[in-house]
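2 protein chains.
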Amino acid sequence: MKIDGKKRVVIENLQPEIDGGRFPIKRIVGEKVVVTADIFADGHDTVWTNVLCKRPGDNKWKEVPMKLRENDRWEAVFVVEETGTYLYTIEGGVDHFTTWRRDLRKKFDANQDIRVDILVGIQYITDSSQRASADDKKTLLAYIDMLKTEKNRQKTVSIAFSEELGNLMNEYRDRKFASNYGKELSVIVDRKKAIFSTWYERFPRSCSPEPGKHGTFKDCEAILPEIAKMGFDVFYLPPIHPIGRTNRKGKNNSPVSGQNDVGSPWAIGSQEGGHKSIHPHLGTLEDFERLINKTRDYDIEIALDLAFQCSPDHPYVAEHPEWFKWRPDGSVQYAENPPKKYEDALPFNFETEQWRQLWEELKSVVVFWVERGVRIFRVDNPHTKPFSFWEWLINEVKSKYPDVLFLSEAFTRPKVMYYLAKLGFTQSYTYFTWRNTKREFIEYITELVQTNVREYFRPNFWPNTPDILPEHLQYGGRPAFMIRLILAATLSSSYGIFGPDFELCVSEALPGKEEYLNSEKYEVKHCDWDRPGNLKDFIARVNRVRKENPALQTTGNVQFYEADNGYLVVYGKTTEDFSNILLVVVNLDPYHSQSGWIRIPINKFGIDADQPYLVHDLLSDGKYIWHGENNYVEFKPHNLPAHIFKVRKKLKRETDFDYFL
Amino acid sequence: MKIDGKKRVVIENLQPEIDGGRFPIKRIVGEKVVVTADIFADGHDTVWTNVLCKRPGDNKWKEVPMKLRENDRWEAVFVVEETGTYLYTIEGGVDHFTTWRRDLRKKFDANQDIRVDILVGIQYITDSSQRASADDKKTLLAYIDMLKTEKNRQKTVSIAFSEELGNLMNEYRDRKFASNYGKELSVIVDRKKAIFSTWYERFPRSCSPEPGKHGTFKDCEAILPEIAKMGFDVFYLPPIHPIGRTNRKGKNNSPVSGQNDVGSPWAIGSQEGGHKSIHPHLGTLEDFERLINKTRDYDIEIALDLAFQCSPDHPYVAEHPEWFKWRPDGSVQYAENPPKKYEDALPFNFETEQWRQLWEELKSVVVFWVERGVRIFRVDNPHTKPFSFWEWLINEVKSKYPDVLFLSEAFTRPKVMYYLAKLGFTQSYTYFTWRNTKREFIEYITELVQTNVREYFRPNFWPNTPDILPEHLQYGGRPAFMIRLILAATLSSSYGIFGPDFELCVSEALPGKEEYLNSEKYEVKHCDWDRPGNLKDFIARVNRVRKENPALQTTGNVQFYEADNGYLVVYGKTTEDFSNILLVVVNLDPYHSQSGWIRIPINKFGIDADQPYLVHDLLSDGKYIWHGENNYVEFKPHNLPAHIFKVRKKLKRETDFDYFL
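Chains A and B are the protein sequences, given in the same order.
98 is the number that this note's numbering gives to position 74 of the first sequence; each next residue is one higher, with no gaps.
648 is the number that this note's numbering gives to position 624 of the second sequence; each next residue is one higher, with no gaps.
If you're looking for bench data, these hints aren't it; they were derived computationally from the structure.
Errors might be hidden in some of the hints.
Identical chains blur together in the list; that is why a pair holds if it fits in one copy or across any two.
Derived lysine to aspartate or glutamate pairs resembling EDC-like cross-links, with alpha carbons at most 20 Å apart [stated by the list, open to error]: (1) Lys-217 / Asp-323; (2) Lys-30 / Glu-420; (3) Lys-207 / Asp-82; (4) Lys-300 / Asp-82; (5) Lys-560 / Glu-36; (6) Lys-172 / Asp-427; (7) Lys-31 / Asp-96; (8) Lys-364 / Asp-137; (9) Lys-365 / Asp-133; (10) Lys-647 / Glu-313; (11) Lys-365 / Asp-137; (12) Lys-439 / Asp-96; (13) Lys-207 / Glu-36; (14) Lys-439 / Glu-41; (15) Lys-387 / Glu-250; (16) Lys-56 / Asp-632; (17) Lys-349 / Asp-151.
Between the sequences and the hints, there should be enough to build the whole structure, so can you do that?
What follows is the structure, given as structure tokens:
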């Protein structure tokens with residue numbers, strides 16, 4: 025055991041820290057990192073301690089002095105200002121000078137003799153002066169002179185407590201026996217879209233305005249204004265690559281396909297190319313690049329699908345047979361989860377001896393699209409590829425392109441989902457899709473935002489996906505779609521829908537399943553996007569509320585409040601300074617009228633019990649003046665199923681009339 | 025980043041683990057270590073995983089296969105069989121053969137073609153056969169033959185699932201790509217007294233039967249039978265060394281002492297010697313060794329006080345001035361906590377450049393007494409000496425003498441107390457002394473036994489000490505002493521009292537303080553040990569109950585139950601197999617009658633709601649037949665303030681009469 029017996033300060037239980045520092049925490053540009061730790065020394069001596077932070081390349085650490093909160097817990101805050109990585113740790117030591125000052129004060133107050141103590145203090149100052157710059161040394165020596173010559177007890181103590189002397193003694197303190205935390209922890213800093221994003225998923229091949237025609241990137245361009253009008257800022261396209269012919273799936277996932285069947289876009293690769301190629305019916309690489317450019321006019325970004333699997337016709341199969349698993353009969357191993365078979369897709373064999381080359385090739389796929397302007401990837405089934413691959417890939421890409429974001433589409437066991445987030449995924453799909461009751465929402469969201477999961481797992485809530493038409497949407501009608509949208513959009517600062525089925529309230533499922541009937545995964549579809557009953561205006565309104573209210577632009581700030589009706593979910597979201605206070609009340613029942621009393625913690629918002637306040641429903645534009653904690657709400661089916669209240673405090677003014685902030 | 029891309033299994037959140045493995049957990053000989061961890065691989069493959077454990081010197085790890093509990097959490101148990109250190113960790117990998125079997129079964133059940141799958145299985149068996157012993161290889165090749173030749177589907181699958189084949193495939197599995205946890209964790213294993221000990225503290229100088237005479241080790245010998253009769257197994261002596269003269273304290277901590285004042289035993293050292301010497305009035309080293317020998321007849325051990333400080337007359341001061349702090353006026357620095365001064369004791373200056381020599385000398389003090397037969401030390405104020413010193417000292421001593429136990433007398437801030445326990449102290453003083461209400465007991469004990477504190481912090485409950493006569497004992501009379509004793513003795517498996525003041529219910533304090541009037545710390549005292557009202561028989565009874573009931577010999581098994589009266593504390597302690605079930609009900613009110621309904625979780629004990637059961641009060645010997653969960657209890661002041669019920673289930677027999685186990 026290597027020991028330095030003179031290092032007396034202990035630094036432990038540093039937060040935030042993920043798995044002993046094995047993984048970084050996550051922040052966005054401009055966010056704070058609040059660092060706390062238990063820090064103490066033996067005996068009664070005072071402790072000094074700093075949070076240290078820097079970029080990995082920097083030579084010098086920035087020091088932020090920590091403050092003692094309570095029970096030996098110290099705290100300091102630093103702000104991350106750019107994308108990329110920051111490091112942080114803690115150092116600390118015994119503060120002999122401050123200890124001396126404290127004891128001097130006590131002895132002075134108890135009328136004890138302090139003459140020898142002043143001599144001890146002079147020793148400390150002399151020590152520090154030897155580490156000081158020439159100017160500061162002069163100042164310190166002057167203090168020594170004053171302490172030596174001053175005869176008045178009271179005045180001597182005043183000199184010892186001078187602020188300038190304290191600052192110099194801190195600056196030139198002896199750090200030889202400082203302890204350090206022993207680990208450097210890291211923060212990955214993303215741009216804001218990492219936590220605040222509004223996704224619209226749509227198959228480009230179904231974007232043609234002409235029924236029966238295969239959609240193109242040009243058709244995608246044409247619908248950008250409408251997507252922007254709804255308030256989305258990410259347009260996510262399922263795979264855009266050539267689709268294999270061998271074992272192509274027919275409509276409704278039929279194992280037999282006809283000549284006109286278009287197949288699943290996830291069966292990537294044909295003689296026309298693989299993961300770096302574009303399906304010829306969608307257009308050319310130039311068309312794609314023009315689409316990317318066009319999205320910028322609408323503050324929309326394209327998100328591409330990273331589906332690392334191949335159709336049997338993918339060029340890789342012939343060029344790199346060593347990347348696939350071959351069966352003893354000479355056939356190639358397709359994807360399966362017995363007894364289910366996915367004959368149109370081959371998994372990569374990540375246990376191949378040539379895993380390094382495979383990893384490099386897959387990285388080159390990502391870089392290929394990044395260089396064409398794509399900065400967001402939705403990753404298909406990451407949990408079926410090795411964890412270390414993702415950690416490597418995401419680090420490699422982000423070290424060069426720190427603005428790239430990866431959304432993990434892992435609908436699997438909770439610990440696997442969390443682990444993928446730990447090792448680098450920017451955002452993650454969640455169980456929101458299957459949460460239904462008030463209790464389920466409260467439990468799940470509490471787990472996401474009130475445990476250390478919040479340090480690395482950024483939820484993205486999806487009411488539906490091409491794979492999932494949940495039962496509540498099959499049977500709840502239009503109100504259910506509105507309810508799910510409001511929950512997704514206000515509980516989570518990132519959410520997405522699969523359109524146009526969502527905004528058109530499509531609810532026809534395969535019998536007994538949570539899957540779409542005639543799924544777009546296997547055919548080109550066409551819709552009347554403006555048909556009566558569509559939710560486009562409603563979605564636009566909800567997304568406008570999100571844009572205009574910073575309280576809805578983070579997830580971790582959600583707080584649930586009480587309601588006496590089990591169908592009513594009530595929660596608040598506020599900015600840290602309470603300048604933006606939102607209060608959401610959702611009726612989970614799509615069939616019946618529901619009403620009840622809800623309880624708002626108005627004193628937390630800075631509203632007194634006897635003070636009226638205005639709640640302004642940003643959905644209906646209704647305004648109500650409320651008093652006190654308990655208030656009544658009522659919902660009727662086929663009206664709006666929720667309130668998104670902005671809470672406005674009444675300003676107390678000395679004029680004749682009051683108005684609301 | 026060093027990566028092996030083919031290691032696919034993740035092992036995280038291993039429990040028990042203290043601060044990322046920085047500190048060992050603690051166990052006693054024969055105890056279990058239940059190891060759990062989150063373990064998973066990408067995809068759908070099955071995982072194999074073992075807990076590995078060994079002694080530090082062993083070459084080979086012992087493997088204990090883990091079992092999946094739920095939600096990717098795996099568990100295995102190993103038992104520590106000797107004192108000293110054990111190491112443990114986890115390894116795991118993808119189990120291709122078990123995965124293959126699972127999928128084969130599914131395909132068989134779904135009536136799919138399994139011919140190619142059998143060929144895949146044969147490949148796995150062929151691989152393993154190349155790692156097998158000659159005999160086992162023959163067996164494996166025989167299975168391959170059977171699989172190749174068997175034409176019947178059903179029979180082929182039976183062969184694949186043969187138990188022998190499975191065992192051999194596990195034994196010879198490919199471990200090349202196994203993951204390991206990356207850290208080796210450690211367990212310190214103590215003898216049983218580390219968790220089950222009953223302490224009696226007494227000043228040897230006050231043990232003389234003759235009033236006014238200075239007690240000796242011979243007097244200590246004489247009272248051993250009485251101490252044993254009360255049921256104590258540790259006899260703890262405050263410091264037994266020569267006491268300094270300079271600045272000696274008088275009675276009641278007076279700064280002035282007279283010729284006949286004996287001083288505080290914690291002012292260690294005079295011209296007669298220091299920490300390795302014996303106060304001449306107590307006897308000689310031979311006398312001390314005879315006392316040690318004599319204690320063995322009574323199954324009692326002597327615990328010595330380790331108080332690392334010196335009187336100004338200690339030989340160290342002259343011989344090693346560099347181990348002390350000297351003030352600018354040439355005087356030596358005494359202990360102080362301004363404005364309080366302790367002029368009769370000098371702290372060591374652990375910041376000395378010669379700290380290594382100082383540490384070695386202090387270690388030699390411990391070894392000196394260990395070699396004279398002492399195996400238990402009560403350490404005075406460890407929190408005023410550097411933490412790294414204690415970690416080093418305890419490790420050094422225990423590596424040679426693993427049966428040595430150290431009790432930390434740190435009455436300080438909670439995190440400091442826990443840290444001392446983490447770095448090696450066997451037992452610790454606690455806040456029990458100042459806990460009074462039902463809620464305080466439940467909160468504090470829950471913190472001790474239901475958080476990971478239980479892995480390293482072993483409480484020792486003291487109702488009083490020479491330093492502390494708590495207010496409830498000053499005003500609660502004899503009932504208060506009984507209440508505190510029962511709480512200490514049944515909540516914690518280790519506890520101690522400072523006698524004879526405790527058993528004589530001495531309650532006179534310095535006015536307004538929680539300190540004894542005329543404290544034995546500063547004078548030789550004498551008592552009538554058998555005076556009326558003494559608690560010796562009561563204490564003997566309580567300690568006999570502790571010895572006869574294994575449920576009281578651990579602390580972590582305590583469970584609190586409901587009572588409708590706030591003065592009644594109810595808790596249960598059971599052995600793991602429920603062969604010993606104790607139920608303790610304590611009336612915290614020393615002044616009034618209290619009664620109420622208490623609720624016992626009888627179904628946990630294996631008692632049905634309609635089944636009568638016997639509760640046998642081991643204090644009063646009263647027996648009661650109870651039914652169901654809710655039962656009534658009543659206490660009168662000056663009767664016994666508690667029940668310690670042994671719960672006896674009724675045996676259901678097919679004879680005419682039932683009786684109680």
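Structure-based check of all given hints:
Taking CA atoms no more than 20 Å apart as the test, Lys-217 paired with Asp-323 passes inside one copy only; the shortest distance there is 11 Å, against 71 Å between copies. In this homomeric assembly, Lys-30 and Glu-420 come within 20 Å of each other (Cα to Cα) only across copies, at 18 Å, whereas the closest approach inside a single copy is 42 Å. Taking identical chains as interchangeable, the C-alpha atoms of Lys-207 and Asp-82 lie at most 20 Å apart only when both belong to the same chain, with a minimum of 17 Å there against 30 Å between chains. In this assembly of identical chains, Lys-300 and Asp-82 lie within 20 Å of each other by CA distance neither inside one copy nor across copies; the values are 37 Å within and 54 Å between.
Taking the shortest Cα distances, Lys-560 and Glu-36 never come within 20 Å of each other, neither inside one copy (52 Å) nor across copies (45 Å). Within a single copy, Lys-172 and Asp-427 get their C-alpha atoms no closer than 60 Å, and across copies no closer than 56 Å, so neither meets the 20 Å cut-off. In the homo-oligomer, the alpha carbons of Lys-31 and Asp-96 lie at most 20 Å apart inside one protomer (18 Å), although the nearest pairing across protomers, at 41 Å, exceeds that limit. In this assembly of identical chains, Lys-364 and Asp-137 lie within 20 Å of each other by CA distance solely across copies; the values are 13 Å between and 88 Å within a copy.
In this assembly of identical chains, Lys-365 and Asp-133 lie within 20 Å of each other by CA distance solely across copies; the values are 15 Å between and 84 Å within a copy. Within a single copy, Lys-647 and Glu-313 get their C-alpha atoms no closer than 46 Å, and across copies no closer than 88 Å, so neither meets the 20 Å cut-off. With identical chains, the CA atoms of Lys-365 and Asp-137 are at most 20 Å apart between copies only, with a shortest distance of 12 Å across copies and 89 Å within one. In this assembly of identical chains, the alpha carbons of Lys-439 and Asp-96 lie at most 20 Å apart only when taken from different copies (7 Å versus 33 Å within one copy).
Proximity of Lys-207 and Glu-36 under a CA criterion of 20 Å is satisfied in both settings, with 11 Å inside one chain copy and 19 Å between copies. In the homo-oligomer, the alpha carbons of Lys-439 and Glu-41 lie at most 20 Å apart both inside one protomer (17 Å) and across protomers (19 Å), since each shortest distance falls under that limit. For a Cα distance limit of 20 Å, the shortest separation of Lys-387 from Glu-250 qualifies neither inside one copy, at 34 Å, nor across copies, at 80 Å. For a Cα distance limit of 20 Å, the shortest separation of Lys-56 from Asp-632 qualifies neither inside one copy, at 30 Å, nor across copies, at 56 Å.
When the C-alpha separation of Lys-349 and Asp-151 is checked against a cutoff of 20 Å, the pair qualifies only between copies, where the shortest distance is 16 Å, while the shortest distance within a copy is 71 Å.
Violated hints for the displayed structure, listed by number in ascending order: 4, 5, 6, 10, 15 and 16.
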